[in-house]
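K.L.:
The residues making up each chain are set out below.
Number of protein chains: 2
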Amino acid sequence: MKRFSEKFILTKKVEWEELGGGVSRKFLGYDNQIMMVQVKFEAGAEGTPHAHFHTQATYVAQGKFEFIIDGVKQIVEGGDGVYIEPNLLHGAKCIEAGILIDVFSPVREDFLDGGAVSYFGDKA
Amino acid sequence: MKRFSEKFILTKKVEWEELGGGVSRKFLGYDNQIMMVQVKFEAGAEGTPHAHFHTQATYVAQGKFEFIIDGVKQIVEGGDGVYIEPNLLHGAKCIEAGILIDVFSPVREDFLDGGAVSYFGDKA
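Protein sequences appear in the order of chains A and B.
Going by numbering that gives the first Met the number 0, the residue at position 89 of the first sequence is 88; the numbering climbs one at a time, nothing skipped.
Going by numbering that gives the first Met the number 0, the residue at position 52 of the second sequence is 51; the numbering climbs one at a time, nothing skipped.
Some clues are possibly wrong.
No copy labels: a pair is met if it fits in one copy or bridges any two.
To be verified - Think about it this way: if two alpha-carbon atoms lie no more than 25 Å apart in a straight line, the pair counts; the simulated DSS-like pairs of lysine-lysine are:
#	residue 1	residue 2
1	Lys63	Lys1
2	Lys25	Lys11
3	Lys11	Lys72
4	Lys1	Lys92
5	Lys1	Lys25
6	Lys6	Lys92
7	Lys25	Lys63
8	Lys72	Lys6
Since the hints were made in silico from the structure, they are not lab data.
Chain A extracted, bound-state conformation (with noise of 0.2 Å):
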């Protein structure tokens, strides 16, 4: 099936979809090769150990991040990037409240079907 968003998303006219433990998002563009999502956490949120088989970069936007992929911490701020391999184990913790744009290839299919966000997956 093609999926496809539009082609200008302008986000003042969109609401954040919360996600629960302080996460909330927006959709940007996408289709089936390609996901951009702009997703805010509050200072504390975390995003658990998972992996994918997508291939993801992220991009600070704003805030203070630690990342932590296989095994790997690191502190991220905003302007800096993050890219994780695919099927890595990767997870995380906010620091100070900030965004992420969290870029996906392919397209997550989860995400549009309405799934459970799998970030949140494992803390059950």
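Following the hints, position chain B against chain A.
P.N.:
Coordinates of chain B only, in the frame set by chain A:
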């Protein structure tokens, strides 16, 4: 060939690469599947209309831009997103100095090979 970036790209440690025309960039995370690039524009700087076979998603990190995609014009600013279908003619003009996060899939081999930046290629 397998190409991939470091896991963490701490951009304070990376110099801006001047592309001319008031535009400079830093590479963020990438592999063969995905490439994320931070692109800084001075007011008035322009990416002239061009097309490529890659899917593109762009996040407006700061500033204000006028995009044109396949003849459709739109002003976007901090927090907004843009989705550009493969092979669609597109360009952008910077209205207020800012930063775009351009993401491509697959990787822009042409960028890594040190070739000309395609979005200035039509300007001569």
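K.L.:
Now tell me if each hint is right for this structure.
P.N.:
Against the structure, the hints:
1. Lys63 x Lys1: neither (36 Å within a copy, 31 Å between copies)
2. Lys25 x Lys11: within (10 Å within a copy, 27 Å between copies)
3. Lys11 x Lys72: between (34 Å within a copy, 18 Å between copies)
4. Lys1 x Lys92: For Lys1 and Lys92, neither the intra-copy (34 Å) nor the inter-copy (30 Å) Cα distance is at most 25 Å.
5. Lys1 x Lys25: Result: close within a single copy only, 20 Å intra versus 32 Å inter.
6. Lys6 x Lys92: The answer is between: 16 Å across copies meets 25 Å, while 32 Å in one copy does not.
7. Lys25 x Lys63: Both, since 19 Å and 20 Å are each at most 25 Å.
8. Lys72 x Lys6: Only across copies: Lys72 and Lys6 sit 10 Å apart there, 36 Å inside one copy, limit 25 Å.
Of the numbered hints stated above, those contradicted by the structure are hints 1 and 4, listed in ascending order.
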